[in-house]
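Trainee: Below are the chains, spelled out letter by letter.
2 protein chains.
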Amino acid sequence: MTTREDCLARDALDPLAALRLQFDLPAGVIYLDGNSLGARPTSALARAQQVIAREWGQDLIRSWNSAGWFDLPKRLGNRLAPLIGAADGEVVVTDTTSVNLFKALAAALHMQANTPASAARRVIVTERSNFPTDIYMAEGLSSWLARGYSVKLVDSVDELPAAIGADTAVVMLTHVNYRSGYQHDMAATSALAHTAGALIVWDLAHSAGAVPVDLNRDGADLAVGCTYKYLNGGPGSPAFIWVPLRHQASFQQPLSGWWGHAAPFAMAPAFAPTEGIGRALCGTQPIVSLAMVESGLEVFEQTSMAAIRAKSLALTDLFIELVEQRCANHPLGLVTPREHARRGSQVSFTHPHGYAVMAALIARGVIGDYREPAIMRFGFTPLYTSYADVWDAVEILRQILDDAAYDIAAKRDAVT
Amino acid sequence: MTTREDCLARDALDPLAALRLQFDLPAGVIYLDGNSLGARPTSALARAQQVIAREWGQDLIRSWNSAGWFDLPKRLGNRLAPLIGAADGEVVVTDTTSVNLFKALAAALHMQANTPASAARRVIVTERSNFPTDIYMAEGLSSWLARGYSVKLVDSVDELPAAIGADTAVVMLTHVNYRSGYQHDMAATSALAHTAGALIVWDLAHSAGAVPVDLNRDGADLAVGCTYKYLNGGPGSPAFIWVPLRHQASFQQPLSGWWGHAAPFAMAPAFAPTEGIGRALCGTQPIVSLAMVESGLEVFEQTSMAAIRAKSLALTDLFIELVEQRCANHPLGLVTPREHARRGSQVSFTHPHGYAVMAALIARGVIGDYREPAIMRFGFTPLYTSYADVWDAVEILRQILDDAAYDIAAKRDAVT
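Those protein sequences? They're chains A and B, same order as listed.
Note that my numbering gives residue 40 to position 40 of the first sequence, counting from 1, and the numbers run on in steps of one.
Note that my numbering gives residue 350 to position 350 of the second sequence, counting from 1, and the numbers run on in steps of one.
Everything labelled a hint here was simulated from the structure, so no lab data went into it.
Note: identical chains are not told apart, hence a pair may lie in one copy or across any two.
Result set (SDA-like, lysine to any residue): computed pairs, CA atoms no more than 25 Å apart in a straight line:
1. 152 / 266
2. 152 / 252
3. 74 / 111
4. 152 / 263
5. 152 / 267
6. 74 / 247
7. 152 / 271
8. 152 / 273
9. 74 / 62
10. 152 / 274
11. 152 / 197
12. 74 / 46
13. 152 / 272
14. 152 / 269
15. 152 / 195
16. 152 / 262
17. 152 / 268
18. 74 / 252
19. 152 / 264
Go ahead and model the full structure; you've got the sequences and the hints to work with.
Mentor: Next up, the structure:
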């Protein structure tokens, strides 16, 4: 049986342990919700102060050039690129994941509309268990285009091969499922889509900074993702969109704002998309929230996704092991795959009173979250989570369950 | 002839003079570019620090509820509403002006598609001189819908009556022109659109906080606008969208993200728009940039748009008077209307070497900006601009022109 001492010993040997010092974490809290909102890099406050007091307050409008505000979406995209197997000039940090997904889906449909078999390809295939906003954006786009586009939902991964066929324009999948923590095989599923003549758009919301991703190697066509979860960019920090070099010339999307124009300050009345990744931009970005994304990325540059992944699997393995040992007499159901290759950086357990148990955990300083139906989510961020944290979290869970110390009438607050 | 002493005397009597103390302005600068990026309210730094250090750093995911992050777009919308003649529950602060315009145009086209005469209404009418991103977004939307929609550009306000007709679905105008400072008659133009059976969408980018606006009184159908110009929300701070109560039930737009869902945390796979203004929301917002919008709005609550407008007209009248007196022997051409009702809160002059003259002004601490072709823009923000500032700016302009102290080969940087 693993003991707390064993966990402390592992922490003492953990090559990532020192990175925790670069985060501002509240005392008395074990934070297992970095999959929803990443913790604050200590440097983010100073970065924001610099932007607000110096760049905005003192340099004012000049900062668009002198402080590099104009280039920030591309510069941050280039810093993020190595984490997801993207090349320089393939990523911009901008807008929201939902809006970027709209751009990516629209562009993918447009690419398909220009291929010989286009007339027959009018279906976007995705999973019913996908994060809802992804499905909503696909519905919004397809219904507004009104050319017979539709969204097909599959109920399990096993149904994908049969669902993807000659009528499929785009396969849209979230790489790591927000609720179950299931991780798709990106290479195999991309190949499946391509064999059927479809394009594939990946949502990396729960992947970027959480698991190794190699978009170019694994044949992805387009991708979007989030910077406020595992990348620790701050609450609601702008999202990203990836357009590989090979698709950039044919990438066209309807949110054709001036930031995507070839010469935005020529003030020409006709839209002409710029070359390269810039055509995925639309309007003026929220600079303070955008700038703090850099503070999160700087931490990743001190380690590697391989090291992060090794610790992530160790943490999630340990959590599963300890919960199953120490809470064995309670009705907990593991939702997350045991198989490493199919697991993200979270562990989800069902419990009949999942919401109430999670509320009790949060009240005792173990912060995870809850997702319908009956699922308690625990996210493990190797940059700031220790093995002892895992032990302590499970111990508190055990106490709550053994004592039935939760209120099944607990009021339900929404948490993102 | 007005003297500097006259200007100082007017400052001494100015009821808004004290509000300047609520802004952090750099020493040695006369800032006449608040129409591009508003100056920093002093309180914005503390507000950001609170959000970053306390709400994000210490309270983490709990702040979505405990710090009111979820409600921020609506709460800020309600605080902004009185400045534009909107009611409670009609405005949200979210996304970019470009993205909000896409939503508004799409919703307006959808409303028209459900009216009896819909088949014939496929044209969006706007001005060639409109801010380009507005035209680009209209082009993007209309070309993607591919049902025969198109954008018709008029070359002057006088052409609007003839251009708006039985084929017009939507008239889309920017209330105050970014380049000339021309202000449309919102009531008359809205009536013109309605008489022709069209809807009218107003862009308030250069109006909100700059001139009195009364959207409900003046018959607007939908509106969008910017918070980082006259509202002083910070660089790229999120924009706003106004949907009047009478149109909310029929307001549908394709960027149907989870923040616009009736029950976002039910995680249902089908989109169902929420009641009310929330259906104009899409994805998760950049909270730090969003929160600082409140610091700008708080300043407005200490005065009135009537008082701001009175001083704005006095400042722009004074600037025109002094430039025409003191720089009379130079080839300056007034672009902005002299008529008060047709003027925004800026003054634009052409000069054959406008870019070089503006560069020389900026080098001497008078910050305006330049717009093609040959236009020098000077924005006047009554909250932090004094009459003596106007005198001093004109004096420096006079010196530069008299001495020909500008470099006509000056390198051109882009400024937004």
